[in-house]
Each structure stands twice: as C-alpha cells, then as structure tokens.
Amino acid sequence: NAGVTQTPKFQVLKTGQSMTLQCAQDMNHEYMSWYRQDPGMGLRLIHYSVGAGITDQGEVPNGYNVSRSTTEDFPLRLLSAAPSQTSVYFCASSYSTGAAYNSPLHFGNGTRLTVT
Amino acid sequence: AQSVAQPEDQVNVAEGNPLTVKCTYSVSGNPYLFWYVQYPNRGLQFLLKYITGDNLVKGSYGFEAEFNKSQTSFHLKKPSALVSDSALYFCAPNFNKFYFGSGTKLNVKP
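Going line by line, the protein sequences match chains W and S.
Number 60 in our numbering belongs to position 60 of the first sequence; there are no gaps in the numbering.
Number 71 in our numbering belongs to position 71 of the second sequence; there are no gaps in the numbering.
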C-alpha cells in the first residue's frame, strides 16, 4: 500500500495562476480531506468529502475548489492563486464517515506551495 | 463553538525524563480524542486515540494519554523521553470532523 500520495511536493506560482494539487489513496477510504498548515495556526480544514460525488466546505474554503469523481482521488484546485495561499497543503483520508469519526486520519507528505 | 487548545508552543525536556504535552478542548458532547505527531517535512502520523473506557490510553512509541472529562483535557505523556521524540505534536478532538490544535514543539535534549 502506498497510502496517501500527494503531487507535486513543491510548487511556485505567480499571483493569478491556477493549478491543481493531486491526492490519491489506495486504502478504499470513503472520507478524504484537504488541510493547510500555517505557522502558529495548526491545520485548517479547506474541503472534505464523505464519498464519491459528495463534497463540502471546511473552515477556509474560499479560493479553492474540489471534486470527487472516484473513491481514490480528491484533487484541490486553486482558481487564481494569491500570496495568502502560500502554505503547506496536506491531503488526509479516513475509513470513518458520518458521525462515527473514530478512525484516524492518514496523511500524505504534503505540498509546499509558494505564491509570489 | 468547538475549540481545542494546546497552551504550550514548545516543551523542553531532558532525555530520560518524563514528558507531558497538554491539550484541553471545549465541546458540547463527547468527542473522540486523537494525538498526532509530525516529523520535519512529513505529514502527520497517528499516535493514539480515546474513544471510550479506561481514561489512560496507550499508543505508539511508548506514548500514552490521560483523558479527564471534568477538566476536558487529554494530555499526552511518556515516562522516559528520547531524543528521537523531538517533533511537533497535535491534539485533535473529533466533533463530527477533526479540529486540530496549533501544535506543540517537543525538544528532547541529550
């Protein structure tokens, strides 16, 4: 099992450019999510999905889009990059969905994004 | 609103000494409680969780955590710290979705 795979590992964008961060998992997890990690602020939830075809917003969704066409993949799209989106992005998946979130999250190794 | 607090940005401890990393949370209901560890340039890794039952939970790498319902706390502990325990630790209560604390950097000195 590869677990959760994120690509690319590093990316530099200019303001206004768009890009897609890729996330794939091979554990047949229903729940997938995207977080951003900023110094002193912990991890903040951007978007999440409880299954193929179902997505919802987290704490900081503005400027990001997601879709979930398959169980395995959950890409994150930056529509028009801004310097405030400079961050480290983590994709995470879990077996549990609904109110019974008693299974841990499995994280990818992150994408470090810089917007100039 | 649900919230989680890790009051110490950094904890310093000598190798061989016991360590505690603190976490308190504010919630209506009974959340599931998790601890994760993050090593440099890596994603978070699951350490342990409390769902129900015994208030002392044992996890990976010799870590354990004590759940206190009246104080709404879930402190991470280890009886004897190792230099290799140096990392960033996150408390994450789950109230229908995960909420992460701001993290505590643990420095274990030889």
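Bear in mind the hints are in silico, worked out from the structure with no lab data behind them.
Be careful, since some hints might not be right.
To be verified - If you anchor each label on the Cβ, the simulated ranges turn out as follows: (1) S:Pro18 to W:Arg44: 27 to 33 Å; (2) W:Thr116 to S:Ala5: 30 to 36 Å; (3) S:Ile51 to W:Thr116: 26 to 32 Å.
If you're wondering where the values come from, they're calculated on a predicted model, not measured in any experiment.
Just so it is clear, CB atoms sit at the ideal spot from N, CA and C, and this is done for glycine as well.
So, going through the hints one by one against the coordinates:
{"no.": "1", "hint": "S:Pro18 to W:Arg44: 27 to 33 Å", "verdict": "holds (32 Å)"}
{"no.": "2", "hint": "W:Thr116 to S:Ala5: 30 to 36 Å", "verdict": "holds (34 Å)"}
{"no.": "3", "hint": "S:Ile51 to W:Thr116: 26 to 32 Å", "verdict": "violated (45 Å)"}
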